[in-house]
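Trainee: Sequence:
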Amino acid sequence: MLRDEAPRAAFADGLSIEARSVWAKHDRDTDGWLPLWRHMADSGMVAGFLWDRWISLQVKRTIAECLPVGLDDGRRLTVWLATTHDIGKASPAFACQVESLADAMRSVGLDMPLHKQFVDRKLGPHGLVGQALMQEWLVERHGWSRTDTLQVGIIIGGHHGVPPTASDIKALVDHPDLVRTPGCAVLWRQVQWELLDRCADVCDVGDRLARWRSVRLSQPAQALLTGLVIVADWIASNPDLFPYFPDAEQVRDQDRAESAWHGLDLPELWRPSEPTGSPEEVFASRFSFPAGSRLRPVQKHAVQLARSMSAPGLMVIEAPMGEGKTEAALAVAEIFAARSGAGGCFIALPTMATGNAMFPRMLDWLKRVPDLRPQPGKRSVLLAHSKAALNEDYAALVRASSRNVRGVELDGGSGEWRPSADRSAASAELVAHQWLRGRKKGMLASFVVGTIDQLLFMGLKSRHLALRHLALAGKVVVIDEAHAYDTYMNSYLDRVLSWLGSYRVPVVVLSATLPAARRRELAEAYAGSASNDADLAAVEQALGYPLITTVEPNGRIAPEPVAASGRATQVHMERLHDDLTALGQRLTQELSGGGCALVVRNTVDRVLETAAYLRELFGKEHVSVAHARFVDLDRADKDSDLLQRFGPPEKSRQHRPTGPHIVVASSVAEQSLDIDFDLLVTDLCPVDLLLQRMGRLHRHVRGENQSHRPERLRTARCLVTGADWDTLPPKPVRGSTLIYRDHALLRSAAVLDSFLSGTGPNGHVVRLPEDISPLVQDAYGAGTVGPPQWQDAMAKAATAQELLEARQKEMAQDFQIREVRRAGRPLLGWVDAGVGDADDTRRGRAQVRDTRETLEVLVVQRRADGVWTTLPGLSGKRDGLELPRDAVPQPGLGRIVAGCGLRLPYQFSIPEVLDQAIEELERNYVPAWQSKDSFWLAGELILVLDENCRTRLAGYDLRYTSTDGLEVTRAE
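Start counting the sequence shown at -9; every next residue gets the next number (this note's numbering).
Hints are supplied without guarantee of correctness; some may be wrong.
Calculated lysine-lysine pairs in the DSS-like style (CA-CA distance at most 30 Å, straight line) [said to hold, decoys possible]:
(1) Lys357 with Lys368
(2) Lys290 with Lys867
(3) Lys357 with Lys50
(4) Lys867 with Lys922
(5) Lys357 with Lys641
(6) Lys50 with Lys368
(7) Lys368 with Lys922
(8) Lys377 with Lys357
(9) Lys786 with Lys867
(10) Lys641 with Lys377
(11) Lys106 with Lys50
(12) Lys799 with Lys786
(13) Lys610 with Lys641
(14) Lys721 with Lys641
(15) Lys922 with Lys377
(16) Lys610 with Lys867
(17) Lys377 with Lys290
(18) Lys641 with Lys799
(19) Lys112 with Lys160
(20) Lys377 with Lys867
Since the hints were derived computationally from the structure, they do not count as laboratory data.
Using the sequences provided together with the hints, build the complete structure.
Mentor: This is the structure in structure tokens:
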């Protein structure tokens, strides 16, 4: 239908007056409207443009692989489904809603009850009615079996985000008056059939329908077609792009569609070219490396393997911290994309902080990546997390691409402020391309960096799930820090990988500390039924580190060891009593000649307690803290300061403290920041995380043989505390047990015991990277570790862990989509009993993580005179600015307030405390901040501190400072 080079007669030519009277769109403000035939034509034209100019070859192949004429059939099917998707509006249940338009239909014989008389009308939503009509038409007009029509009809039925269930279909069957009015049912039927016949004719599918009777559409194809229909519908429903009648009544079909597509200005997809040079040439042309640096073996081997695979599939890269895994993944992604037909890339990271750090790296890479398009243009990008608009790199792209086209079906609220209902307000600065905005459409951008949640939502039963599948099915997916997820999240990740494998989406997984059993699970999930037990066993038993495992679409699975790069650090391990006095004495001794120490605590409370003690000992100027309980602006400043003072030598040389300095940090120090310390003190934690923390110790070379470090600290030293070492087995502190549980902590202590005691073959020395994989595999394997006296306690902890993991797996199933079923089986009830629109709200995030709902607030201060201001201590002259409450703050001021977002700690995730906190916070409601012009503040909860930066909330006393962040104590 309506290919660029083949203009056709107008859609409405020859339609009866009855068919022309059926309406589809109405604007109550202007009384403008669109007839159904017009919206059908618009949607079909948009679908054609999407197929020809926007969706990737990778997506097209999934849709077309089961069709007789391949890609040509795929295009025809897509356009036809988009054209017919609203046929259910040709029904009394829909048409009765606007009396003037219903009267026009009644005047030509299409009678229907008044809207208020249709008490059961909600049982016949137009998507469901459209599905029923499509199935009936295929049976009666084209000889399909009713069973075979469902795989096509479900796409029509699901175009508003939720495919119907069997009970929905039965309810409609029991109410035929919703589809056709008794007394004139014959005329209704004639009009419905006339419109469907016209769609088939215009879309050139009349002769294909007979051949498609035997087609068994795969479930991935059904999901992608549903997503494409949704996108086409949303674009064709935009009145800025497709104006309503009567103003646009005389515009030709082709002119109308071309004008709309030009106005939308969606960036065409990237067309990658496979790099042909040597691995060294590829990396030199894509990345900026320091002078004299050489390609690491794991980087070179990853490129060679990507080229040698029979087709792109899954690649799992295990290599030490600092080996350039990210660059290897991007190089592999480019090769995979060129070979698979992907049109973009999604990089999934554990946290917003790691996402923020990755985003500029992706942008730098994109500037160097070639494009096969004759006239390469813009590339749509997205930073996908809830605070992306506060990221300066991303905000600059948003400002540069700002346009004035209103969105359709925006993904947030409509200016309604309902925090207790957990609704998100739409943001004006959310994605770089204006139409690709919001938590549903944003992932359709070509290049996306986001949190792992954005990927796990692909496995969550939620409204418009097909859009997320469409977004990810056309990309290469990179999953970083794959070791960082628990059983609950891994259950979602495995389900998502099984769908990605069915879409043949290339995936690159990165980890420095991946347990062998988890390596096997990743390979098995992606390969699905193509895998065999022998190959999977070989994956689990593979030795060597670094290690690259590949899974090809044909089921071939191969783990390959890679030579080490030669980078090595020897870390001297010791126990340290969990006593602040002992800590202070040891730090005084070690830092007597200066030096920079990192003290990592497992809880923020321990961070603050430790910092307070050390400040008394060393002075405030020599102790700083880093944790997640800072408002966003302060945390960004903290991260910047850490990088400036403790980053790589070329960046920190002029700023690194000359005297002693101690950074007391929570687990935020494990990831994202390239920081380097002379001494490490850490609470006992799972061994993979402890190794990540050790990656911050002597991370860079500072002088020959570390000669630029204080003489006492030229040997890398890690002191492990956070446990009572005098008991058998050691007893971790309570906060650590609550976070990590005893099983992981005890096995970590057990595999480290010989190093901490100095009884191993290398005494106290852990060799990095040689010892990384053996330590991880021993800690997470099933073998016995630790002294005999520990075994009873460890067995008890292991049993508790098994019960927890079983519970997590069971709970993860509650809102998880089913695995891919056989081709031809419809996606009936695909998201039934799901979470609705909650995919990217606090409730949705809690569904893909085994955590309770958390609460985000924006923090401001109330002066003694009652005036609200921005927080004291904010950098860049952003502190103490007065905030109007009778008007919308200027955008710059609103952005500062939005930058003072803070996630309240665990105390406020307890349901009764959460509810009480929301009730109290809603008293700070500011009506003027809820308008559609309040881009930054609408719908947000405001936490107001007094002139001393204190307040009481839900039975807790809160205090905030830019030095220490949020402190929480139970009110007396």
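Trainee: Against this structure, judge whether each hint is valid.
Mentor: Each hint tested on the structure:
no., hint, in the structure
1, Lys357 with Lys368, "11 Å, holds"
2, Lys290 with Lys867, "47 Å, violated"
3, Lys357 with Lys50, "27 Å, holds"
4, Lys867 with Lys922, "27 Å, holds"
5, Lys357 with Lys641, "23 Å, holds"
6, Lys50 with Lys368, "22 Å, holds"
7, Lys368 with Lys922, "29 Å, holds"
8, Lys377 with Lys357, "24 Å, holds"
9, Lys786 with Lys867, "56 Å, violated"
10, Lys641 with Lys377, "27 Å, holds"
11, Lys106 with Lys50, "45 Å, violated"
12, Lys799 with Lys786, "20 Å, holds"
13, Lys610 with Lys641, "25 Å, holds"
14, Lys721 with Lys641, "40 Å, violated"
15, Lys922 with Lys377, "19 Å, holds"
16, Lys610 with Lys867, "23 Å, holds"
17, Lys377 with Lys290, "36 Å, violated"
18, Lys641 with Lys799, "45 Å, violated"
19, Lys112 with Lys160, "14 Å, holds"
20, Lys377 with Lys867, "21 Å, holds"
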